[in-house]
Structure formats: structure tokens, C-alpha cells
Amino acid sequence: MSKNIGYPLDLKMNHYADVSYDEKERLFEEVKADERYHHMLYGCYECGICVASCPSAKFYDFSPRVIAQALAREDVDLIYTLMEDSIWDCSQCFSCDRCPRGNSPGQLITIMREVAVRNGLASAKKALEGYGRIIYKIMSTGSQVSPDMLQPNAFPDWGVHVNEIAENLELWRKALPPETLHTTETGWTVSDKTIIELYLIWHMTGVMDLIEGIDEGLFMILVDVMEERLEDAGYDITFD
Amino acid sequence: MIHLPISKANERIFDIDPSQAPTEDLRDEIFQLEKEGEWIVQRVPEPYMEVKTKYGRIKKIPVEKTWHHKSCGQCGHIPGYSTSIFWLNRQFGLDYYDPTDQTSCTAWNYYASATSNPEAQAAVALRNFASAYEQGYFPLIHCGTSFGHYKEVRHALVHQPELRRKVRDIMKRLGKPFVIPEEIVHYSEWVLAMRHRIAERQVIDMSNITATVHPACHYHKLIEEDAIYDPEIYGAQRTAIVSATLKALGITVGDYSSWFDCCGFGFRHILVSRDFSRSFAVQRKIEVMKEEVNPDIVVTHDTGCVTTLDQSQFAGRAHNKKVGLPVMSDSQIAALAMGAHPYKVLQLHWHNTDNKPFLEKLGIDHEKMWAEFQAAVDKIKSGEMEYLTWDEADK
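Chains as they are written, first to last, in our numbering: chain A, 25 to 264; chain B, 22 to 416.
Rather than coming from a laboratory, the hints here were simulated on the basis of the structure. Where is the CB? At the ideal position from N, CA and C, for every residue including glycine. Please note: incorrect hints may appear among the correct ones.
[What the hints assert, rightly or not] Which bits of chain A does chain B cover? Going by a derived footprint, with three or more residues having C-beta under 8 Å, they are: (1) 76-85; (2) 138-145; (3) 191-201.
[Stated by the list, open to error] Just the calculated beta-carbon pair ranges, DEER-fashion: (4) D190/B with V249/A: 21 to 31 Å; (5) E221/B with D85/A: 51 to 61 Å; (6) G360/B with Y40/A: 50 to 60 Å; (7) P180/A with K56/B: 54 to 64 Å; (8) T410/B with A146/A: 47 to 57 Å; (9) G72/A with R78/B: 28 to 38 Å.
[Unchecked claim] Once the Cα atoms are required to be at most 20 Å apart in a straight line, the calculated PhoX-like pairs of lysine-lysine come out as: (10) K187/B with K197/B; (11) K197/B with K217/A; (12) K193/B with K217/A; (13) K82/A with K342/B; (14) K268/B with K382/B.
Bound-form chain A, shown alone:
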């Protein structure tokens, strides 16, 4: 494996504390160990099609080509820099799947993000600041967004119609013909049994460990909610 081969672009923003080369290498090995990795990286023609297709490249100091090249060259210094900075700019639209070599920089970023979250990297914590309520919603209710999230203070840039929705929420939800949509806290009615099964999935797949590493406060709130409902359903399960 090569050491830093002097990649021409200096993307280091010095926002994050440096770590040892061994630690960077360990993180990279974790990325490479993902079963998807070798189906997403085949080299790079340097054609720039991924960059031309990329929405984030038009607005940020971000390049899917740099992601693919850094990984292909196994430049662990640059990979670490990207994991502490660029990867959270990606829009995850997968326009870069147009790559004529068959690379998927977007999917590689998905893996890099997972590793960043799993290892509690500063970039992951920063990127997810303010996002905790979304994680709480999806993990506790099985629905990512809900009608009651449409509040003016959450979406001030969406204009006054958000106020109107918030003011009329209960009534307007009842004015929906499908009976499953008369909800305000979830997108639709989700049965208790379904929620319990979802919690069991989080438990069996170690997702709660990820949450604990990235946001301990959120973890504790989720544990309270989940353990209580699981206990009510007859499951003696703890997430510690």
C-alpha cells in the first residue's frame, strides 16, 4: 500500500484533528472490508463524467472523481481527509453511476459514511448535528418524516403556507380519504406489531450501537422508548 503519493489537490481543510497513519490505514481497511467495495471501484479514466453529472460538485469543493481516485490509489492520508470533510457534501443521487468504468463514487461514499459513523469521526458528528430528531423519528416510528414536522420554525424558507398547514393540521389530515393517513405524528398508521418488529431488527443488526457512538443523548432517549414498548410486548431486551 502506498503512502501519500502527493495528490495534486490539497483538500485538507484542517478542520479536524490529525490522527496517526496507522489509524487512517485502519479506517481505510474498514472501508475496503465492506463486501460492496470491490463492486464499486474499478479504476478511473479521469474522464470527468462523474464530476460533470454531480450536483454537489457544482456547489461545494467536492469531487466524486477525487473520491474514486483516492481510493484506487489507496492514498490513506487523502482518504482520511475526505472522510473528515467531503463525504457529507454528496447528494447520494448516484448520478455518478454513469461512470464508464463502472465505478460508483456515491456508493463508495455510502460505505465511507458508515465507517465515519461507526468510528464516531468528528465529521459524522458535525454532519449529523441537528439531524437527531430525524433519526429519532425514523427509528422510533418507522416513518422518516411526519405531518407534525411541518412547522414554520423548521421550514422558514418554505414560506407562509407552512404556517397554514401547521394551523390546520388536524383538520386537513382528517380531510384525507385514505383512513391510514389520518395521522399527525407518523406518515400513516403503523401497527404496534410492526413497530415491535422494527425495534427487534434494530436490536439484531447492531444499529443502536452506531447511534450510541454518534449521539449518546439520542441513544438514551431511543433506548427508553424502545425498551418500554418491547417490554409491554413481552420482550425482555436491553440495548446496552
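Guided by the hints, dock chain B onto chain A, whose structure is given.
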């Protein structure tokens, strides 16, 4: 001198030959795994419709017995989107199931925050599939991201035996069957396959309408070979989804240069970094559409796309951007064409950008319609009516 045959671009014919497809037909693997006792394959129920995908393969689209895998973003913030899908099913008298034993695919969160892993994502998908199978209905996926993500999950399960083993074990512990559907079907594919039947029942003339189409990234960029293509639509050089539906309804579909660009949703960006989403939606999509086509409406087929393209225009007005294009889903347009109520069914009051000029161009008296909706809301408020029924929605 070497003489090579030369043909002009407009004379080229792009034959679609499935035998020349550069990618595997995953369904072969799925059925093979079933033979080996790995899982149950849920067949597309009869009767089904046939459409062609990117490399000319046939994809089966169920007509009915559909299990509606709802979208959290649609149901939460633009509920007329899902309501219109159900309304269309009801108008054709089709048997469908709207489950409560369904979670979100959780992929929006996965793509936004990575606070999950492939095993959990696959287990969530398979739990939903098992629920559909147990009910005896076939999954019809409302959300573009759920659709793309489930195709990714299916691909991973076929090629990763260890992942398959883990997820099968989870299903066993949940007491659920380990089932994979024969096809992953997006509702917009159902709308497309039904387009001529919808056009037969059309009561609103839309021949004076020009629309631009935004094809959703997670529909045609993830497992791209499974998206619908049609030689009649852009020579099968891009997906026919939505465009074919609109053309069947007599709408002129205008082409614009940034059609391949995403909408700016960005998953985490729309929730916590909306400056990006707003800028991209307005500058790379809406303004380009206005300048190159100046359509009456933007039509798309995914949760995030409707949300981002519609909601982002409000802030654009403050910067004197060229905005003001109403945004709807293909299901809403199809329902409107068949005479659905713009507020009781399409629920257009949940949308942001002014859609009244569009309704006026169609000859729809939106003031009268809004008064009808308000009257229904008043009945709910007074307790005279518990909620708006389907029968009431059609009055």
C-alpha cells in the same frame, strides 16, 4: 483508404436486444435461488401488464392485488400524491391493499446519515415484503428511493450469501417468511402501464398543456437496467417514465438540457442543509425549464423531487429568480385528467408554488372547488362528519 459506413444521427436506429444486455437478468438468479430452497419468490399476480426496460427485457406490472408500500415523505407532507394513487385504483375498481403493517424503507435516513447498515436495511425491506406476501398482495412501491433502494437490496441479497443468511435468520426470528418479489415495481410504472386506460377515461382536455419532466434519480440511476424505456420516447435513449404517461394524456412534453440533473434533494441537505437544495432546484432545474421550455407545469414521480422542486421556489422569489412553476406527481396529473377533485383528492393546498393558473388553463374553477373542500372541512370541524370519505371526495 478505409471506407466505413456513415449514417446521420437522426437516421440511426438503436435496436434493443435483450441478449446483448451488458448486465445480468437478476430474475434468473432469483428463481435459481428459489430452486435451491434459499427463499420464496412472490410471483407477479395475474393479470399483469408487460413493459420493456432499458435493454429490452420484459418487466411485469401487476394490474391489481397490489400492496401499497407508502412513502413517508408523500404521506407526511404531500398526501394528495398517495391519495391520487389510491383514487386511480378505486376508479378502475381494482383490488388493492393499504397496509398498516408497513414501515418506511428507512433509506432516506440511510442515504442521509449512514446510521444503519446493509443487514438492517435488507431486514427492513424483507420484513415489508413478508407482510405483503402474508396478506396475499404484491408490493407496489410509492417512493422512488424505496424503489431504488429495494432493488439495491435485492441485488445485494442475490450476490452476498452471507448477507442472505443473516437476513433469513432475522426473518426466522421474527416468525416471517423469507420472500423476495419477482419484480420490484414502482407506482409510476403502474401509471405508465395503465396510461391508455387512464386516457380512455380522461374528462379534462390537457392538449393545451406543456410540461417538463424530472425523472427521479433513484428511479433510473440505481440498477438502471430495470427502468422503463420506450423507442417512442426519446428514442429509448432515456427513461420513458412519466413522459409516456403525459403524452398519452395529450400533454406536450418539453425537453430541457438539465433533465439528467438531480432535483437537489440530497437526503440530508433537504433537512439540514437546504441552502444547497434550494439553489440547485432553482438554478439547475426550474430556471432552466423556464428559459428553455417555459412549461405550464413540472411533473415528476418521486417524493423528494416534488418536495424539493415545489418548496424551493418560495425562497427563489426573494432573489428574483425565474420561478413560479407548479409541481405535481404523475399520479396527481392522471387523477386530475380523469376528473379528480383538485383539493379533496389531489390535495393541492399542501403544495407551495401557485398552481391556480395551471388549473385555470384547464378550465377548472378552483375557487368553487376550494369552497367545496372548505365545506367538507367545516363538516369535520363541526363533528357532522368524522373524516372525508371516498364517496365525499367524489362529490
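(message) Name the hints, by number, that the structure is in violation of.
(response) Violated hints: none; all satisfied.
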